Amino acid sequence: MIQPLLDVRHLHTYLQSAGQQIKAVDDISFSIPKGETFCLVGESGSGKSVSALSVMRLLPPGIASHPGGEILFNGQDLLQLDDAGIRAVRGAKIAMIFQEPMNSLNPVLNIGEQISEAIQLHYPDLTGEETEERTILALEQVQIPHASRRFRDFPHQLSGGQRQRVMIAMALACAPRLLIADEPTTALDVTVQAEILRLMRQLQDDTGMSMLFITHDFGVVAQMAQWVGVMQSGKLVEVGPCSQVLRQARHPYTRQLLAALPENLERPTGVRLQSRQPANQSLGTSTHLLSIRDLKVWFPIKKGLLRHTVDFVRAVDEVSLDIPQGQILALVGESGCGKTTLGRAVLQLEKPTSGSIRLQGHELTGLSSRDLRPFRRKMQIAFQDPQSSLNPRLLIETTLTEPMKVHGIGADQEERLELAAQLLELVQLNRDFLWRYPHEFSGGQRQRIGLARALALNPEFIVCDEITSALDVSVQAEILQLLLRIREQRQLTLLFITHNIGVVEYLSDKTVVMYQGKVVEQGDTAQICGNPRHPYTQKLLAAVPRLLRSH
Amino acid sequence: MTNHGVNRESFGARIWRRTLQGVGVKLGLAWVGLLVFVAVFAPFLANSMPLLMSKDGVISAPVLHYLNIEDVWVLSSFFLALAVFRLRISTVRRILLFLLGSAVVAVCANLWVKPPVLVIYDDFRIPAYTEVNWRIMPPVPYAPTDYLRDLGSKGLEAPFQSEGHLHLMGTEENGADVLSRMIHAARIALSIGLIASGIALTIGVVVGGLMGYFSGIVDMLGMRLVEIFEDIPTLFLLLTFVAFFGRSLYMMMVIIGVTSWSGYARFVRTEFLKLRKQDYVQAAVASGLPLSSILFRHMLPNGVAPLLVSVSFGIAGAILAEATLSFLGLGVVDAPSWGQMLDQAVKSSTFNWWMAVFPGGAIFMTVFAYNLIGESFRDAIDPKLSGQSEAKP
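The listed protein sequences derive, respectively, from chains R and X. Note that this note's numbering gives residue 199 to position 188 of the first sequence, counting from 1, and the numbers run on in steps of one. Note that this note's numbering gives residue 352 to position 189 of the second sequence, counting from 1, and the numbers run on in steps of one.
Hints were generated in silico from the structure; no laboratory data involved. This structure is a prediction, so every number in the text was calculated from the model and none was measured. One or more of the hints may lead you astray.
To be verified - Among chain X residues calculated to face chain R with C-beta under 7 Å, some are:
1) Q441
2) D442
3) Q445
4) G451
5) L452
6) S455
7) F459
8) H461
9) P464
10) N465
11) P469
For glycine and all other residues, C-beta sits at the position ideal for the given N, C-alpha and C.
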């Protein structure tokens, strides 16, 4: 057997934090053959990134220590190298790209300078012209159009995908043998992600480099990896060839992760059938809970001394859609397509420029906040970011009972407390949690409390704005199942805003696809996901990384 | 990230605990605490009247008899504060209750407290207070205005140098005890800092809050107003007012307060602009909560922390402003103040170190203490710094 390029043996990485020792990486062993890709998969906090940083020796020496193990790169133990030695390896032989392309590039240097600097560092003999040629070559390699002209562009002039391409160009400028990619596509839209992944595979074929690819997305794993390692709290619980791990996982944790993917998730028994039936009937009699007609939300762009309006950002542009009573409507689109603005406009949190929004036949636009108050009770919202969705200064009890008090739900505080406790039980939390502050909870628990708050007024309609996007896949699965169960119990109508096609297929009855502020396609979820008609929908669906390509 | 460990303390308690982590802040708080104690109990700490005496079997407390309006007000406000902050009600209510109570006390004191007018020299030493069976004197048995000339004091005596009397910090030109004057001057230092900053804070929060929440045209007008007030040089305005209207401590407080709110308004405005977009504020709007609840329950408490940091620096600034004025000889006349004592030290023909070192040191320590507190508080609310001190895998 030929020697692998990277051979990690019994690596331990301990981190020192506030007097505590955390075993961030606890005895992991894996190897990457030349020209192949090894994917490290796991949920947040499992030690994936720390493993990668250990290979690069990028962890701060005062905080991190390696009590055991070796990292053999071409037979040389990286942990034994001195500072000068590891610097010769970094960049030249092992390069790294990160998740957030905006933070990884220096905003005050143009991209040409940043790539040239890396080249000059490792090839000091090159002349200025040769360096520039190489830089342009590197940019062409990552398929930046008109590379010689974009050479002088600054990071803010590039899109997210282009920035990540520049990062890759920088990493590959010195033709490294190993590329470490730490969640390189997590911050990108799914169509851009597909392009970047394709580019990385192509570059690997061209250069014969190996890759250590870190991700939490099994779809990405299926596309990229020859080898997969699954991490759980610092340990590598399962290692093997990609197809074997994904199809015949042996370790229970791997199986649990795979089962939590929306495409593998079981719907609560009977829910789909029961909910479809009455929903279709109500469609026949066309009782729409919410109707939106020609809705526009335009934000003015003001310029000049007198701040006159020169143009508009058309966040939502002539959108019309209906949400039938008791159904889940998924609103899909990439970042910046206006889906969140639409959700907020429905709740009158954003003032629409024109158009009409009718809830059960009542026009909502143009109402004063006083006239709107009775309708506030009927429609609520749950948010994406678990960090900012709850007021850090208020007890959960106050967060839940204050809206009830304002709307006259519950005769006295006693009764409202009981209602709030019941809400917590509904979202499967302990009723004692009423007397805690938001910072005492994990992200998943906060999302449940966010749902409980949205349910506090017993609304008929809830806008769920990416409520599972910030969560790990197993927590996402729990929240989705919970949502379906509550929908069933309370006869809720949901507008579910998301960019995750898997979640759409699992959850929704109807789907609306938005692109650049406009609705490009709407219809039954099965029809849209199975047989998309609009070219953008087709492109979007094709870009979704699937676990099994035969699916 | 999924398991934070159970942490039951509230947001405020957490900030407070983190603020108290350093050594510097404890020293700062100890100094301010000492100042408060000294300022409140000044008449009992440094006075020429006996605390308690017995004459012909009748026990009396002349100090109480001679308490003036200000003394009564300060003392009762202090105990009122202690009582109010033991009540189990929200902080805002406590503060309102305290302000209301102390206003009532102020009115009552003005109506009913009529202390006998003190004639310097005579009253302190009339036989009524000296020829007694026994008497307990305060720790510093000299009033700040007790000039010992009549007892043959030469004045300007260094500490421990005068015959027959013990002056821990020496005497000034009239023979009055420097320590006693220092103790009574603590009041001015404290009150000017707190009241001037209080005025500035109130204006700043209201103006900044309105700018931040409503933005648009309100914001634009507010910012112009802020810029106008930022351009007023406080010290020269104070000099002008003193020249026109004479010297008054209250006028100084008001002017310092009215000219220094612009920084607070900027702080509140920025915080509110940021908070308005927070999900929990949006959720509060979506729940149809009234505007007052959104502003004061959901926004202000989350934006107040950076404000309090700048308040502690503002207090230090106000104290310095008063000291500067008094040093220039434009401060208050009838009551001693640290700045005025420094002025005395400079004006006398010979250099007397005790006249400069003690008040100068006190000003330095007080400003330093507030800066330490502000610094530590700023570190405590900074999430980036707190991430280092808290365990975070």
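Exercise for the section: Any hints from earlier that this structure breaks? Give me their numbers in increasing order, please. Expected result: Of the numbered hints given earlier, those the structure breaks are 6, 7 and 11, listed in rising order.
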